[in-house]
Structures are given as structure tokens and as C-alpha cells.
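Enquirer: Place chain B on chain A using the hints.
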Amino acid sequence: MSRFIQLHILTSYPASNLNRDDLGQPKSVIVGNTPRLRVSSQSLKRAWRTSDVFRQAFDGAMGTRTKSMGECVYRALTQGATLQAILEDSKASAGLPTVAEKKAEEIAKAVAGVFGALRKSTEAKKEAEQEAAQEGAADAEKVSEKAKMKEMHIEQLAHFGPAEIEAIAKLVEERRADGKKPDAEELDLLRNSPGAVDIAMFGRMLAASKPFNVEAAVQVAHAMTVHKVVKEDDFFTAVDDLNRDETGAGHMGVFEFGAGLYYLYVCIDRDLLVENLADDEDAASRALEALVRTACTVSPTGKQNSFASRANASFCLAEKGDAQPRTLSSAFLQGIDKPADVLAKAVDALMQVRSKFEQVYGDETPYVFFDVSGAESKGTLQQVCEFVRG
Amino acid sequence: MQRYLTFQIYGPMQSWGAVAVGEVRPSLPRPSRSGVLGLLAGALGIRRDEDERHTELDRAYAMAVQPATKGARMADYHTIQCGKRLAKRTYRTRADEVGGLIPKNEDPGTLLSTREYLVDTLFVVTIWPRVDDPPHSLNDLAHALCKPVFTPCLGRKSCPPALPFHPLVQEHDGPLEALDAYDPDGDVLQAMDAAPAAEVYTSEPLDGWQERTEVRDVPLSRTRWQFGLRPEYRIAMPGGAQDEG
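So the protein lines, in turn, are chains A and B. Numbering (the working numbering) for the first sequence: 1 to 390. Numbering (the working numbering) for the second sequence: 1 to 245.
Just chain B, same shape as in the assembly:
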């Protein structure tokens, strides 16, 4: 028996950044480990530039995530006006950058991108320590989720959670049991296309995994926004509807 911290993640829109080098800023089909660690870090009050504390979180905790609804993807066409960077020009407000300080005949500097979001998706996440000396107890993490220091968001700042995380710390035989024992908000599930628990994705190889892939979501530097690769294991739940994440 081990202790697990299990909680729900739901918002009308979520976006868990995948590798994005060009115009398209895709989302992974489920919360990334770096995203969830970032959520916990923000809740604990760890700032972006505290690389060591982020690395420590990454070292200390394992994670498994289970999609509780089918959900869908949405592409958001996005334009940004971004004035020329000139040494003699200082933009002191956004209004300067989109109007006042840009001469009439100058290119307004519009950047295009397509941002991807997950909609109608509810996830259950469980966290457990994978080292003997984790920096925070699971109870401390649970407390931080209930009374966070920084505003929580689901991958992007514009994606607030729409349910309390409702973290529970309990003993279970394993992460699958922890996920199974958690009851996400019934009202929300009822309104969406709730799929029976189909599959679980974990950062550790657990009994019964069928597929090993790699995800680039190990936080290396949150200021330089660099992430490393890690393995991810998929486990199909018995009796669950099989579905592409």
C-alpha cells in the first residue's frame, strides 16, 4: 500500500503544450507531466526562474492520468499585432504597440498562429513520490491545490479550471486503483460525452502496460522554456471503451 494524491482537472478549454516550433501550437491529448508539475509548482508558489525547485519536483513525483470523457479538439486562429522593435522606440503600454507609436505607413507587424485546445475534457490525475525524500508531502501538495499561491491554469493562462481540484490523499494498492477510486464531479460528467475509463497514461512502467511512447515534457528550464524527453506508458483498462486519446 502506498499513498496517492488524486485530483480532477476540468475546464471548458485546456491546452497542454506539445512541441511547437512553427505557426501551429498544438496541445497534447491529455495533461502533460510538465504541465501538472507546473500547476503544482504554481500552487506551491514556486516561480518560473527557480529551476532547481522545478527539477526537484520532476525528480520526486510520478504521475498517471486518466481521461474521463471523450472530449474534442479545437483550433483557434490567432493574430497578434506586435510593433517593430526599434532602439529609439519604447512601448510603454499595449495601446502604444497597436496604435499610437506605430506610424501610419509602417507595417503593423501581424503574427499568425493556430492554437489548439481540448474542449469538453475532464481528467483524473494521480501523483505519488518516486523517491524516498520528496520535497513536499502529498498532504502539502493537496493543501496547495486548495489554497494555491499563484492563479492555476490548465496549460495556458486563458484556461482556468472550472471545478475545484478536490484533491484526496489516500492509500491504494497502485495508481490504477487510486484513479479508479476517485469520483469526478457527476454534474460535469453527465453533461458531457463521458467515456467509461478506457486507458491510463503513466510516467512509470506499471504492470500491464501495452505501449511505450516518448513525450517531450520533462521540465529543463522554465525560463528558457526547454523540455526533455521521457517515456510514457499506456495501459488499457479492462472493460473500457478503447479510444485514441
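Isolated chain A (complex conformation):
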């Protein structure tokens, strides 16, 4: 069994400012005496852990994004229909036993509260009044009904994976029978898989409660460009549309940005991941696949609205073995200096250092990769995922 899975990923970002320092400039680092752009591991991990891609890859299917799961639970309980039926048609009714409104509301709020902060009742009421006024149906009963439903909503959209929807549906049927409010343990179960995987991979450090600390099974290095990059200034002006008297800009400013090909290294301790997941091998395999997919397709969110610099990986090499893990960053110590074919040269340099390490230090590890650098692409993300899972 191979303990370590190492990922070497090259991603090309156009003009961007993905991860900023205290001056708002892109973060940088000196490598081999030359300045490079950098994205911190924390920034990358945050983008991955909060992304839907991560959860979808783990669930293996698309989920649902909604604020109104609480309302659906309430309707399922009071209208006598299954949760699935309500998700398809909110007015569904299937003649199943019903639960009293008050109790149903409590259950719905408890479930919704696990996935997001519940709406404040004052806000819910205000919004309900506005909506009713727009619809021209402002009778008091309708407004209070609307407000009640909105109080079961959460403030932001939450992503519900198929496994979670199934768990909620199961809980709904149990509560239909006894009408009790779910307890903490049952609520924990609703989030068990994605929550556990997130923590199992990236760890948890709570100064307040040491017993709950989890040692991260995934090591993520800071990503850095494979070549020298000097930050560039963008001087910009904004026009004041209502200013017709004076010439000139309504606002001026400067922000810095840079572009480059970034090398990212990730090392996963598979044994520790399995241990963190209570020996669930299947969950570990799915987690690994989710991580590879996410690391290859999710970009840090910094300044995305200004630059739209989202990018997929151009190259990903995965290695599996027991030998001492190491990044291949020394391939780029000299810096790839020709603007043309940077990707192809970076791939060459990476593979060369890899085989040099193999020769000199004798750490042989099986590997697969995908590569879009040449005229014809080689390998696929799916193949890398399968290799990593296996």
C-alpha cells in the first residue's frame, strides 16, 4: 500500500490578483534569487473547501442549491408528502400522516439551521410584506403565512448534496412518526460525510478543545510561478456619468496584477486520511478524487470579478509511493525564461527533476499525468483520479 500521494499541478493564470498582501498587491516570493508570484496554501485551501466542486465531486452527483430546504421539510410534514415529492412540487400531497404546524416548524428550523444561519423574523416579515404588496395580495393572513415560511429559510444559498437530501428525507419520515425535534446527534448525522471529509483532509485546530483536534492528512504548499514575474501596475480611471461640466475622470486609481504559470504541490498521507475517516476506505477514495478534481479546477476567488482569471490545470502529475515525499519545485529554480512554450518547458523541467531524483536518490514512485502542453493532449483528469483512488 502506498502511503503518500503527491500531486504536481501546473496552472496558467492570465492577468490576475488571486491572493493579496497588506498593500493589495499580489503575493510574491523569491525563488532562485528571482521574484515570483505566489498564492498561499491557505488561500487555495479556502477556495477548495468552500467550493461546490469539492462537494459535488465527493457526492458523485449534482446537488441542489437552495435557501428554502426548511420550508420543504415543513411542507413535507404538514402536507403529508415525502420530501422528494415536495422538492419536485411544493404543493404536493400524498395522504401521509401529518404533523402539527407548530411542531413541524420547530423540526424544519432545526434542520435548516444546520446548513446556514436562519432568517431573522423581522427581516422575513418585511420581505413577505413587500412581496405581497407587489403581488397585489396584501391580506394579513397571506402575509403572515409567507413570513412564517421565510423564517424557515436560511440567509444564504446552501448546497445540498444527494446524500444530505436523502438523510433529511429519512429524518422527515422518522419525525412524521413521533413529531419530536431532532437532537444534536441526529443533526450532526445530516452533515456527516462532507463535514468529516473536509476536516479529515485539512485538519482542525481548536485551542479551546484539544480532544477534537484532527491532524491534517493533506499538505498543500504555496503555489508559485515557474518563471520570474514583475508585478505590473494598472492605472485606471472611472467616469462620473452625471458630471457634464468638468473634464477629467471621476475617480483614478492603481492596482497591481500579474500573470504566470503556477506550480502547485500537494501531498496526501493516505493512511492518515483513512484513519481520520474512521477507517472508511471508500470515503477516503472518494475524498481523494474530490481533492484532485478540485485542485485542478477551482481557482482562488481574489479579484475574480475584475479579472475573471479562473483557470483549469494544464498539467497534473500524480505519484504514489512510500518514499519520502518532496516537491519538484527545484525544477524552476533557474526560472523558465522564454515566453514561448513556457508550459511545455515547465513540464519538461518537472519530469527531468523527477527522473534525476529517481536516479540520484533512488526514490522510485509510480506515476500518471495529464498534459495539454503539446499539439495533442496526453492523459485525462479522469485517469489521474482513477490512479489516485486505486
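If you are wondering where the hints come from, they were derived from the structure by calculation, not from laboratory data. From the three backbone atoms N, C-alpha and C, an ideal C-beta is built for every residue, glycine too. Each hint should be verified, as a subset may be incorrect.
[What the hints assert, rightly or not] Example chain A residues on the side facing chain B (calculated, C-beta under 8 Å, incomplete):
#	residue
1	SER40
2	ASP363
3	THR365
Expert: This is chain B only, laid out in the frame that chain A set:
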């Protein structure tokens, strides 16, 4: 003649934690003894909470370290969003903590810190037993470095090594000779500002030491993250360029 375990430490970024009480999380200018012992402990599969085994490592081995490049320091501005700890709120995922479970009008709880890293630095480290009954032979330690149990890192989890440690166990007259005899990776040295061997820092007073300082890097508890003071001795190598570590 005594046996020494000598190996190289290089990564594009390293951070060997010094005393950090406030917003700035500084790095020592070279691998700390507690950091290297932690690296060995992780390689051997010793967990953070096994205080006794950590103490045993600390008792058993002496260390000397030699910077092989000039290197530089880098400050990393760092923000963390950390949701309020409320009894009625459980964060089951990171996504909960940075979004979903935080009401819109609540303070997101951002903490600031500046983390310091060493860049472009390669070190050579040598280890030797300072007691008669060390818990692991040098060969076992070397083997652990080649096939570690836990993922090795250079002071911080986000700082992976970028070269195999390439440990060698050999007999030498002393630690300085052991360091001198070791050839770190030539390609890496060539690409960086390699300084000729200038100085060595040891945990034991060796012949020719010029300066004695104190470093707080004796592991007391890895779960409570407490460290004690120890002396450190600086030895200038003949002919080497003198440089502030």
C-alpha cells in the same frame, strides 16, 4: 571517531518557529533543534501527544546545523476568518465557518498575522547521540527519513521539502568534519546564492565556539506547544564568509 547522521534540508519556503506571542509569527534563521527533532519524530511515526517519546529524542541526540546558502526572509501577510464560538452553533465544515452559518450582519471574525519564512535556503544538519542508550540507532533514523511515517515538513505544514533528505551515516572525527564531508545537491546550490560554509550552530559546546546564545526550542509538550531554553554555540568556519545567520 564517532558515527554521525548527516542530511540536507531544502525547500523553497521554510519556517522554524521562534517565540511567537502576538501578530508576528517569526522564523529562526535556521532549523531549530525542536524542529529537526519533530521532523525525525514524524518520520518515525511518533504522534504529537506522545510527550515521553519526544522527551526521549530530546535527551538522546545532539545536533549541529550549517547554512549552505545565504537565503533571504519573507513576510507573509495572513488573514484568517474564524467564526464566533457559540454554544448553539457547530461548524461542521470550513464552508460553514466562512459563510453559511455566519449571519449577514455578524462580524466575520478576521484575525491578522504576519508569518515569516526563509526562502532560498539549504541547510546541512548532523545528528549524533549524546547518551549511551539512544532510543533509535542512527541507521533507523536514516531509514525513517527515507521512508517516513508522517508527511515531512520544514517547520510548517505548508513547507514541504524540495529535495530528498539523503541521509548518510558515517564515522567522523567530529560534527564539523561530518558537515564538511557532506555534499548537498549541486543543482540547487548552483541556482542559489551559495555562501561558502561560514558558520555552524550546535547544541553542544565544541572546540572553537565563539558565541553562546540561548534558544527556546527544547520540546516540553507538543500538545500544549511549550518549549524550554537551551544554549546554542556558534562556530565560525575557517575561510568562510562571515555572515549574520
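Enquirer: Now, for every hint given, state plainly whether the structure supports it.
Expert: Taking the hints in turn, this is what the structure says about them:
no. : hint   : in the structure
1   : SER40  : 7 Å, holds
2   : ASP363 : 6 Å, holds
3   : THR365 : 12 Å, violated
In this structure, only the earlier hint numbered 3 is contradicted, and the remaining ones agree with it.
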